[in-house]
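My request is simple: use the sequences and hints to build the entire structure.
Number of protein chains: 2
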Amino acid sequence: MNFDPQTLRYDERGLIPAIAQDAENGDVLMMAWMNADAVARTLQTRRVTYWSRSRQAFWVKGESSGHVQHLVDMRVDCDRDCLLVLVDQTGPACHTNRRSCFYTALRDGAEVEIMAPVADPD
Amino acid sequence: MNFDPQTLRYDERGLIPAIAQDAENGDVLMMAWMNADAVARTLQTRRVTYWSRSRQAFWVKGESSGHVQHLVDMRVDCDRDCLLVLVDQTGPACHTNRRSCFYTALRDGAEVEIMAPVADPD
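Protein chains in written order, with our numbering: chain P, 59 to 180; chain W, 59 to 180.
A hint or two may mislead.
What follows is a set of in silico ranges between Cβ atoms, one per label pair, in the way DEER data are often shown [stated by the list, open to error]: (1) Q102/P x I172/W: 19 to 29 angstroms; (2) H128/W x R113/P: 38 to 48 angstroms; (3) R165/P x G84/W: 12 to 22 angstroms; (4) S112/P x D146/W: 33 to 43 angstroms; (5) R113/P x G72/W: 37 to 47 angstroms; (6) P175/P x A115/W: 34 to 44 angstroms; (7) R105/P x R113/W: 31 to 41 angstroms; (8) P175/W x G149/P: 33 to 43 angstroms.
FYI, nobody ran anything at the bench for these hints, they're computed from the structure.
Bear in mind the structure is a predicted one, so any value in this text is a computation, not a measurement.
Glycine residues also receive a C-beta, built at the ideal position from the N, C-alpha and C atoms.
Below, the structure written as structure tokens:
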């Protein structure tokens, strides 16, 4: 790999936001953070890997839940300070068991739930 | 409006990331930041309004360029620390005159430009 993740722009914590988008239907699934090593690991393994701010550790998405994200394409924005990862998402992306984390719409001053949890196949 | 933007979770600068997505075709156009007042203004005016970190001022998208974003739907994620704004985008969203800021793909260790600037109609 010639691309050097250090050439991206990270914030003062050494992190860059990464937006995960369903490569198939375009749905925005979630946003999380990566550091330079997580970017490198994601590109090398094709398993989307974030940096968990709460645990201060690599977060291989789906490692415990099985709801993995296979990297289809990674893109960087014009300012080099935000990533877009197009993914093949297994199961729900959200810890609430919904396909996307963005399941609450703000409409006419109210919060409206627009997405139900995915049915458990078991 | 009953929804209170202060109930969202902002970072230590008082900002929340906002992902702009083309409401028509699902393309992710850009990511920028809002503070609570920018969230309120966006909901009230339906003109997507960010907070410019460099200028430390409200940034009514397209105010000078004409490349405005009309708000179609605003969504908040499960952690209440990220927004998704579905927009009706006039012209290019990117200052490079490309439709999206995410026009560079990282493929096989190389940076590949996958989107050309929009042709100037004049």
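Checklist entry - Checking against the hints above, which ones are violated? => result 5
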